[in-house]
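Top line first, the protein sequences correspond to chains A and B.
For the record, in the first sequence the residue sitting at position 363 is 363 according to UniProt numbering, with numbers rising by one throughout.
For the record, in the second sequence the residue sitting at position 124 is 124 according to UniProt numbering, with numbers rising by one throughout.
Please note: incorrect hints may appear among the correct ones.
All copies of an identical chain are treated as equivalent in the list; a pair is satisfied when it fits inside any one copy or across any two copies.
Stated by the list, open to error - Simulated pairs of lysine to any residue, SDA-like, Cα-Cα distance not exceeding 25 Å: (1) Lys278 / Phe2; (2) Lys180 / Tyr334; (3) Lys93 / Gln333; (4) Lys93 / Val400; (5) Lys484 / Asn72; (6) Lys93 / Arg349.
It should be emphasised that the hints constitute simulated quantities derived from the structure, not laboratory data.
Protein chains: 2
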Amino acid sequence: MFEALETGKFLSDKEFERRGAPLRQQLLKTQFELAARDLPVIVVVAGVDGAGKGRLVHRLNVWMDPRGIETNALWMHSDEEESRPYFWRFWRKLPPRGEIGVFLGSWYTRALRTALDKQPDSEWRAHYLKQVNDFERMLIDDGYRIVKLWLHVGRETQRQQLTEEAPQKQQNPRVGADDKLWWKAYPKVLQVAQDIILQTDTGGAPWHLLEAEDRNYREVAAGEALLQAMRDHLQRPGVDRRSSGTVDPTPVPADARQPRVLDTVDCTASLSKDKYRKKLNKYQARLQDLSWRAHRERRSFIAVFEGWDAAGKGSAIRRVTGAIDPRLYHLVQYAAPTDEERAHHYLWRFWRNIERDGRATLFDRSWYGRVLVERVEELASPGEWQRAYNEINLFEEQLVEHGVVLAKFWIHITPEEQLRRFHEREQTPHKQYKITPEDWRNRDKWHDYERAVEDMVAHTSTRHAPWTLVAGNDKRHARIQILKTLCKALDAAL
Amino acid sequence: MFEALETGKFLSDKEFERRGAPLRQQLLKTQFELAARDLPVIVVVAGVDGAGKGRLVHRLNVWMDPRGIETNALWMHSDEEESRPYFWRFWRKLPPRGEIGVFLGSWYTRALRTALDKQPDSEWRAHYLKQVNDFERMLIDDGYRIVKLWLHVGRETQRQQLTEEAPQKQQNPRVGADDKLWWKAYPKVLQVAQDIILQTDTGGAPWHLLEAEDRNYREVAAGEALLQAMRDHLQRPGVDRRSSGTVDPTPVPADARQPRVLDTVDCTASLSKDKYRKKLNKYQARLQDLSWRAHRERRSFIAVFEGWDAAGKGSAIRRVTGAIDPRLYHLVQYAAPTDEERAHHYLWRFWRNIERDGRATLFDRSWYGRVLVERVEELASPGEWQRAYNEINLFEEQLVEHGVVLAKFWIHITPEEQLRRFHEREQTPHKQYKITPEDWRNRDKWHDYERAVEDMVAHTSTRHAPWTLVAGNDKRHARIQILKTLCKALDAAL
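Pulled out of the complex, with its shape left as it was, chain A reads as follows (with noise of 0.2 Å):
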């Protein structure tokens, strides 16, 4: 989850100039259209700390009119919200329609904070969490827009944020009398935070995760998030039109090339013809033996395969079923959907290729499909991909919890890699009916899919179901990669 937001991305100050005056602009403007119209707004800045929130709640008090804002620093504790069930101190500050309510300390800090706890009480958690979506539900039904930014940094920057205030502090001794406290279990609040996200990702009020590390690009980023959402909140069905006019549809200057978690793929893995034999033979070896012995203990496991076009994702598999006895495993492949598929959720043609224990399903292209091409392409709604990262965690779950072993790849190539085999493919006649003009319209938006790839990983990679990225510009390096994690996740689990 959280690799995806260590990418390094930033904006220098005059990018900073360029995107944030017209961002400015139009969030004044949409908070005017939704006071308006009586529309409310809740805001929730939640994350690890040291990751700015406070300066990014002081930005949006800026960038928009702070008379129709009302920031709620809920740090400390009064004894009046003490002796009243928890929840009371958040239902007296809910804004009132048509207004903004920021929320600096929410009801998230509560569950964050049991990663502080020396026996985390994961029950307790569970069943908190449950109530804080209750609440969101509530106040979504209601109609209200809450909009939920997860601010990251890595556990470096946030030893120096820590360092660098710690002057300031010294002047109010109860501010940041737990940093050490959080920095010291600083693995732990990750786990717990991804514990967090997972179980309130929901379809109503999904969370934005949002790399922290550079002001100027979380300010920005954390702002055209909120305006989407915002706009997204005025398009919404059942919502009184007659007032004020249309949605601006005014865009925001598109998002420069930023560093990507994809980035992080060391493409010039590669491995000599020798080596790859030998471990070919190993790791085939090996995975015939585990596919038998899950067989004998009826577990059963599940490879999904994705990646861009020509990345080598058939030869892989040819790889892996090479190695698996026929009887064992069952492949198959997505393309567009029958009429049959499209007239149930966009998961029940998954569900039905399941496997039955004791078997492998091997997806060539998957449920993924919703967040990559749907997205991309348009075919599914901002609403739908959107809950579809929780509608597929849950997903994972249910397979994992039953005691399937999962493993996920996303097989990556360089932009250069694809072109030079597309010309390849081009010139090899049996190679010829792989390349569509379909491939090239893919190529065109690279950077949209990129982005696509990068939300999915911070959403999906989860601990029990991982995604691995696969260094696949040499294919035999991308091969063993596939085979050997495959490998380990079957040994880990049988």
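Assemble chain B onto chain A, guided by the hints.
This is chain B only, laid out in the frame that chain A set:
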């Protein structure tokens, strides 16, 4: 909860004919309209054994076009199903858009079965019911309407049903093998059932709780609930309205006077002046002690007073406040909401008045207005008051979890007694201000209010926060019943 479902409702065969015929016609018509617009519906038929679930499903197939209905009786599980994640069996049975899927034996069966376990694992059940809610939410977001019918019969009826059907069952020993188990566990089954209903009675997929002793009644009541839900589905925002015209507005014939939960209140109960004096002194003294003790132990208590106009709420409350030190309680009276209150969620104006630990809050009218006056006067939409049951239960759960002692009173009087009191008010100068034209108008809707009270008790009388139905024709009796109940609740909690 279930006390409101054991009142003896029934329909004669003639009445069944009179109401069944138009109902059938309209169900069929609505089914075709849903099909024309590709809108899918899921009907869950749940409840205790022996409640006639199978017969109801048969009836629905007779009333509607079985070509558009798929009935899934999931009572035996194949090894195909057992060897996949649990929800796989439901996913593969989901109806495509435009069709109706009836589930006899559904995702609720597994949760209810835990009542037969020696040590029911409530943590597991909470986790499982979260998956149930997530599953339903996913389908609702995708355009499904889920109609959940809970059929209830009392223990004696269950025994008869299971005995009468025994001869048929001998032909197949696997059917009914569990009957005895279920019947023996009946009280525990009801506890688990309440737990299930509370946790899954969501705004998107609310439960319809039906009294099922009488076959005619339960089938008409279920048919009417289904018809209403299907019509609502045609109206939902965002649904394509191009095809097939508007929703049929023909109302189904009115519900004939049926026994109600309020009929179970013994309105002849009374108390002599002498006994009243003694008991009043006794319980007021006890309440005074208990309220101080609660204060010392930092426990708060909340009493909710609802009831018919002229039922004697005011004078009963005065007997309560007369017993408590004014420093220890706050009495809040609710009429129409203020502008500021209207600009928030309807629960906001109650949350704001919750007193702190160690103090009492007395609510003269309360959050139940949502499902009483606002429902009957159509100040809240059906969606709003239907989801309010769940919102109220969640709210009260938080109060009780925090340690609040909660008591809820509905003061019941007969319509004749109300009439007598209205006339008395008109004729007594110092009481004239108490009677307004609105009281007379409300009186005309007695029947609607009765129904609303019944649904309210069915949905919100829980183990943690039960309703007390107060016999109010004799004011002395009512006051003592209230004081006694309050003392008992405090005594048990402190």
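Evaluated hints:
Neither within a single protomer nor between protomers do lysine 278 and phenylalanine 2 lie at most 25 Å apart by alpha-carbon distance, with minima of 35 Å and 70 Å respectively. For the homomeric pair lysine 180 and tyrosine 334, neither the shortest alpha-carbon distance inside one copy (50 Å) nor that between copies (49 Å) is at most 25 Å. Taking the closest pair of Cα atoms, lysine 93 and glutamine 333 come within 25 Å of each other only across two copies (22 Å); inside a single copy the shortest separation is 51 Å, beyond that limit. When the C-alpha separation of lysine 93 and valine 400 is checked against a cutoff of 25 Å, the pair qualifies only between copies, where the shortest distance is 22 Å, while the shortest distance within a copy is 40 Å.
Proximity of lysine 484 and asparagine 72 under a CA criterion of 25 Å is satisfied in neither setting, with 50 Å inside one chain copy and 43 Å between copies. Taking CA atoms no more than 25 Å apart as the test, lysine 93 paired with arginine 349 passes between copies only; the shortest distance there is 12 Å, against 44 Å inside one copy.
Checked against the numbered hints above, the structure breaks hints 1, 2, 5 and satisfies the rest.
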